[in-house]
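Trainee: In terms of the numbering used here, the sequence shown has 146 at position 73, counting the first letter as 1, and numbering is strictly consecutive.
No wet-lab data here; the hints were simulated from the structure. Mixed in with the good hints, there may be bad ones.
Said to hold, decoys possible - Pairs of lysine-lysine, DSSO-like flavour, derived with a Cα cap of 27 Å:
id, residue 1, residue 2
1, 202, 122
2, 366, 315
3, 77, 97
4, 292, 366
5, 355, 407
6, 112, 172
7, 172, 184
8, 97, 158
9, 122, 97
10, 184, 214
11, 184, 97
12, 158, 139
13, 184, 210
14, 214, 188
15, 122, 172
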Amino acid sequence: MSKKFTAGRIAQALDAQFSGSPDKEFTGITSIDLADENKLTFADGKHLKRLAGSSAGGVIVPEMRKDIPDKLQFAVKDVNEALIKVLEMFALEPAFEPKIEPTAAVDENAKISSKAYIGDFVLVRGDVKIADGAVVKAGVKIQGPCEIGENTVIDSNCVLYPRTRIGRNCLIHAGTVIGATGYGYRPVNQMPKLIPHNGGVVIEDFVDIGANSCVDRAKFGDTVIGAGTKIDNLCQIAHNVKVGKCCLIAGQSGIGGSTVTGDGCILAGNSGAIDNIELGDKVTICATSTALKNLESGRVIAGPNGIDRAKYLKSQVLVGKLPEIVQRLKALEKRLNNETEND
Numbered sequence: 074m075s076k077k078f079t080a081g082r083i084a085q086a087l088d089a090q091f092s093g094s095p096d097k098e099f100t101g102i103t104s105i106d107l108a109d110e111n112k113l114t115f116a117d118g119k120h121l122k123r124l125a126g127s128s129a130g131g132v133i134v135p136e137m138r139k140d141i142p143d144k145l146q147f148a149v150k151d152v153n154e155a156l157i158k159v160l161e162m163f164a165l166e167p168a169f170e171p172k173i174e175p176t177a178a179v180d181e182n183a184k185i186s187s188k189a190y191i192g193d194f195v196l197v198r199g200d201v202k203i204a205d206g207a208v209v210k211a212g213v214k215i216q217g218p219c220e221i222g223e224n225t226v227i228d229s230n231c232v233l234y235p236r237t238r239i240g241r242n243c244l245i246h247a248g249t250v251i252g253a254t255g256y257g258y259r260p261v262n263q264m265p266k267l268i269p270h271n272g273g274v275v276i277e278d279f280v281d282i283g284a285n286s287c288v289d290r291a292k293f294g295d296t297v298i299g300a301g302t303k304i305d306n307l308c309q310i311a312h313n314v315k316v317g318k319c320c321l322i323a324g325q326s327g328i329g330g331s332t333v334t335g336d337g338c339i340l341a342g343n344s345g346a347i348d349n350i351e352l353g354d355k356v357t358i359c360a361t362s363t364a365l366k367n368l369e370s371g372r373v374i375a376g377p378n379g380i381d382r383a384k385y386l387k388s389q390v391l392v393g394k395l396p397e398i399v400q401r402l403k404a405l406e407k408r409l410n411n412e413t414e415n416d
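Work the whole structure out from these sequences, hints included.
Mentor: Pasting the structure below:
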C-alpha cells in the first residue's frame, strides 16, 4: 500500500516554512517533470525556473517564491537534506518484525538478538553475533566468527566469510561478498600458488556497499572500509586495502591490494588505484582514470595515465587539433620541398 502524508506532517518533519493547506495529502516525491498534483517535487539553483511549468502539488525550495502561487511551498535551509528526509518517509521498504523465519538454519552457537530479523533460508554457522535491529534477508550465508552491528541491513543472497565485522547502520546490498580470499599468488615450481589469507574485514559504521561488490579479506590484519563510506555496485576492494572515512566509490571501480586512501576520497565510475600506493585526503580519481602512484591530499587526476586533470584536459584539446596540425605540417613539408627543388 502506498503511503500518504499531509502537508502539515511533512512541514513538521522538515522544520520548513510552509504555505498552503496543512491538510493536503501527498503520495510521494519525484522529479519536476514527472510530478502531478498529488506529488511533491524539489528544486534549487538553476532548476528553480522550471517549477512554474510543473504539475506538482507541492515543492521543496530554499526560500518562498512568488512565481508559483498555485503550489504548496516548503522552504528549507538545505533542499538536498530535505529531499532525503522525504524519500525516507515515503520509502517502500517493508518493516521487518524481529524474528527468525522457520526456514532459516541457525547454529546453536550463534548469538542473535531477540530484536533482529533473520529471513527465509538464511544460513548461519559458527560464532556469529547479530545485534539489535539488524535485518538479514533471505538467502544470506554467514560463517563465523562474524559480527553484524545494530540496525545494519544485509540484503538477499550476500555471503559473509569468517572474520568479517560489520558496524552499525550499514547497508549491504544483494549479492555482495565480504571476506573472500584475496588475489595473492606466488610462483612455486612454476605454478601460481595461493597464499593463505588469514586476516579479516572490518566495515565501520554507516557504510553502504552496492549490489554484487566484493571486499576481500586481508592476508594479515584486516581490510578496512572507513565509517560513512559509500561504495557502488560492481566494485572490487582487494586484500589489505584501507579505505578512509566518507569516501565515495562509484560503479565498476577497483582498489588494488594494500593501497591506503585518506578520508573523503572520490573514485568516479570505472576508475581505480593500483596496489601498494597511498592516496591523501580528498583525492579525486575521475571516471576511467587510474592512480598509478602515491597522491598528495586534494589531487584531482584524469585520463588513463592518471595525470592532473587540468593537464589532461589541455592535452585533449590538442588531440582534437591533431588532424589540423598534420595537414599544416604536410603543407609546410610540401612548401619546403618545392623551395629546395627550386634552389
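Trainee: All hints are to be evaluated individually against the structure, with a verdict given for each.
Mentor: Tested hints:
1. 202 / 122: 52 Å, violated
2. 366 / 315: The hint holds at about 16 Å.
3. 77 / 97: 10 Å, holds
4. 292 / 366: 22 Å, holds
5. 355 / 407: 52 Å, violated
6. 112 / 172: 35 Å, violated
7. 172 / 184: Holds, at about 13 Å.
8. 97 / 158: Satisfied, since the Cα-Cα distance of roughly 19 Å is no more than 27 Å.
9. 122 / 97: The given pair, whose Cα atoms are some 24 Å apart, holds under the 27 Å limit.
10. 184 / 214: 15 Å, holds
11. 184 / 97: This hinted pair is violated, its Cα atoms lying about 47 Å apart.
12. 158 / 139: Judged against 27 Å, a Cα distance of about 25 Å means the pair holds.
13. 184 / 210: Given that 27 Å is the threshold and the Cα spacing comes to 17 Å, the pair holds.
14. 214 / 188: Judged against 27 Å, a Cα distance of about 20 Å means the pair holds.
15. 122 / 172: It is violated: about 50 Å lies between the C-alpha atoms, which goes past 27 Å.
Consistency note: the structure conflicts with the earlier hints numbered 1, 5, 6, 11 and 15.
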